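Produce the complete structure using the sequences and hints provided.
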Amino acid sequence: MAEIQLHNTLSGNLEPFVPQKPGEVRMYTCGPTVYDYAHIGNYRTFVFQDILRRFLKLRGFQLQHVMNLTDVDDRIIANAAAAGKNIRDYTEKFAQAFFDDCKTLSIEAPEHWIRATDHIDDMVQLIERLQKKTFTYASEGSIYYRIAKFPNYGKLSKIDLTGIQAGARVDNDRYEKESARDFALWKAPKPGDHFWETAIGPGRPGWHIECSAMAMKYLGETLDIHTGGIDLAFPHHENEIAQSEAATGKPFARYWLHAEHLLFEGEKMSKSLGNFFTLRDLFAKGYKPAALRFALASVPYRKQLNFTFDGLTQATNSVERLRNLADRLQQGNFPAGKQSGMIERISKAHEEFDTGLSDDLNTARALAAVFDLARDANTAMDKGEFRQGDVDATQQFLVTFDKVFAVIEDNDAQKLRALGYGSADAGPSDAEIEKLIAERIAAKKKRDFPTADSIRKELADRGIILEDAKDGSVRWKRK
RNA sequence: GGCGCGGUAGCCAAGUGGUAAGGCGAAGGUCUGCAAAACCUUUAUCGGCGGUUCGAUUCCGCCCCGCGCCUCCA
Numbered sequence: 006m007a008e009i010q011l012h013n014t015l016s017g018n019l020e021p022f023v024p025q026k027p028g029e030v031r032m033y034t035c036g037p038t039v040y041d042y043a044h045i046g047n048y049r050t051f052v053f054q055d056i057l058r059r060f061l062k063l064r065g066f067q068l069q070h071v072m073n074l075t076d077v078d079d080r081i082i083a084n085a086a087a088a089g090k091n092i093r094d095y096t097e098k099f100a101q102a103f104f105d106d107c108k109t110l111s112i113e114a115p116e117h118w119i120r121a122t123d124h125i126d127d128m129v130q131l132i133e134r135l136q137k138k139t140f141t142y143a144s145e146g147s148i149y150y151r152i153a154k155f156p157n158y159g160k161l162s163k164i165d166l167t168g169i170q171a172g173a174r175v176d177n178d179r180y181e182k183e184s185a186r187d188f189a190l191w192k193a194p195k196p197g198d199h200f201w202e203t204a205i206g207p208g209r210p211g212w213h214i215e216c217s218a219m220a221m222k223y224l225g226e227t228l229d230i231h232t233g234g235i236d237l238a239f240p241h242h243e244n245e246i247a248q249s250e251a252a253t254g255k256p257f258a259r260y261w262l263h264a265e266h267l268l269f270e271g272e273k274m275s276k277s278l279g280n281f282f283t284l285r286d287l288f289a290k291g292y293k294p295a296a297l298r299f300a301l302a303s304v305p306y307r308k309q310l311n312f313t314f315d316g317l318t319q320a321t322n323s324v325e326r327l328r329n330l331a332d333r334l335q336q337g338n339f340p341a342g343k344q345s346g347m348i349e350r351i352s353k354a355h356e357e358f359d360t361g362l363s364d365d366l367n368t369a370r371a372l373a374a375v376f377d378l379a380r381d382a383n384t385a386m387d388k389g390e391f392r393q394g395d396v397d398a399t400q401q402f403l404v405t406f407d408k409v410f411a412v413i414e415d416n417d418a419q420k421l422r423a424l425g426y427g428s429a430d431a432g433p434s435d436a437e438i439e440k441l442i443a444e445r446i447a448a449k450k451k452r453d454f455p456t457a458d459s460i461r462k463e464l465a466d467r468g469i470i471l472e473d474a475k476d477g478s479v480r481w482k483r484k
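For what it's worth, the numbering used here labels the leading residue of the first sequence as 6, then goes sequentially.
Calculated directly from the structure, the hints in this document are not laboratory data.
Don't take each hint at face value.
With a straight-line cut-off of 20 Å between C-alpha atoms, the simulated EDC-like cross-links for lysine to aspartate or glutamate are [stated by the list, open to error]: (1) 449 x 437; (2) 138 x 127; (3) 353 x 8; (4) 90 x 123; (5) 154 x 250; (6) 108 x 407; (7) 440 x 466.
For clarity, every value in this text was computed on a predicted model and none was experimentally measured.
In structure tokens:
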């Protein structure tokens, strides 16, 4: 197996991945702020993280992966107040939608899915640690982090603080701060705001402190991997480093991995620009979960992904090709034994697949390995050189592939039904399909092709595709 | 302006100092009563200009273009 190399934002380079404890990976992921439905740009990052965790598991690592839900922030407080709800009730709906979406995209549940509001005490304790070390100062009931006291500030995002003047582009008029870049660890409540009564006073946590507190609580003071979208590198992750390392004196995370953005029509997809799609938007247009996952996963994570509907259609067809191969393996009758060339070919595919993913999760390379094998396997089948023993080996390879990519197994219809799509039109039952196929075979035997064709067309209109095999058998699939 | 990502066929996208993976699409074939699936063939000289080199898409320099971060943000 190839050595795993990951691009570390900290160094700006590809680095061999070696966890602190052999065989075990402690990983933290910044999850969504549950103030609204997440869009597919958000899921680009979550799919990347899923590919990463699945690949690490495939390579035998024991994972401790934590993902947080940010369920307290300015937007949530404002929206909840406007809706006349407490913040827990307000966020519950979007948290649930997020879980549903993850399931739909086959994003595995991390070992710990946690909420900020369940960890207020941990944050307070961390702030107290920082207070003792005088990394903080209070102002008008809020508590700020004093960046001037942390010389390494900027090491992740390579930001140069000299020249940043208070005022110009920095929103500093709401609170009194010593320096424009200082950020709030704890925010004093405004009238009517939701707040917590704590040892450090009434209020609510700043955004950054939650990740430091929760990551260290579950994973220890030094994580192996910390991931997120590229836009989080500054200021969020930079501030996490400042808080955590000031408190512990130890490196906070050893590998920082950032996913590039998904673009739509050449611009970053975002709520504020209004150019976003949710999963539900795409499903309503008839696109399938696996196709979206494929589209999001097929472009390596450090490359911006320009989302288009044409691209989604391409992904749909690519997935179809792999599923056709899987079906063909399952339904075919092959002579016993093995074809020596094929076995070698499959082991080469395994190797190339692993090499691709080991190269900083180069999914494009990994996919090429799969499609190469697909062609060779199909060719061998066409030539009659494929054996039953090859079926098993090929299937094993596809299973391995799907442990990471999770697109071959066809449970799209089921997933969509769970979300409330397509339940009205489940299509003809299996029994009905089999009956019509039998009628069509009978018609064909009588060389009554008009009847045979009309049955084919009737089924096609109802979303069922028939394929006649050379041996007279018929396979069908739902479109 | 600073920092970062990128500019490879109609579209998506790998990649290497020695004339460019893979997928989608398109065209033409094979197979087929038809169709589908599958297979075969065709479909690029790698943003521009210089330089280094026997040879550069790949190294160096300059330039052009797109996007992101520098403010909440996956």
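Legend entry - Restraint status (C-alpha distance of residue 353 to residue 8 at most 20 Å): Holds, because 17 Å separates the two Cα atoms, which is no more than 20 Å.
Legend entry - Given hint residue 466 paired with residue 440 - CA-CA distance at most 20 Å: Given pair residue 440, residue 466 holds - Cα atoms ~16 Å apart, limit 20 Å.
Legend entry - Restraint status (C-alpha distance of residue 108 to residue 407 at most 20 Å): At roughly 15 Å apart (the allowed maximum being 20 Å), residue 407 and residue 108 satisfy the hint.
Legend entry - Hint consistency between residue 138 and residue 127 [alpha-carbon to alpha-carbon, up to 20 Å]: holds (17 Å)
Inset, instruction - With a cut-off of 20 Å on the C-alpha distance, tell me whether residue 449 and residue 437 pass. - result: holds (18 Å)
Legend entry - 20 Å limit on alpha-carbon distance, applied to hinted pair residue 90 and residue 123: holds (18 Å)
Inset, instruction - For the pair supplied as a hint, residue 154 and residue 250, confirm whether the alpha-carbon distance does not exceed 20 Å. - result: The given pair, whose Cα atoms are some 12 Å apart, holds under the 20 Å limit.
When the structure is compared with the earlier hints, no violation turns up for any of them.
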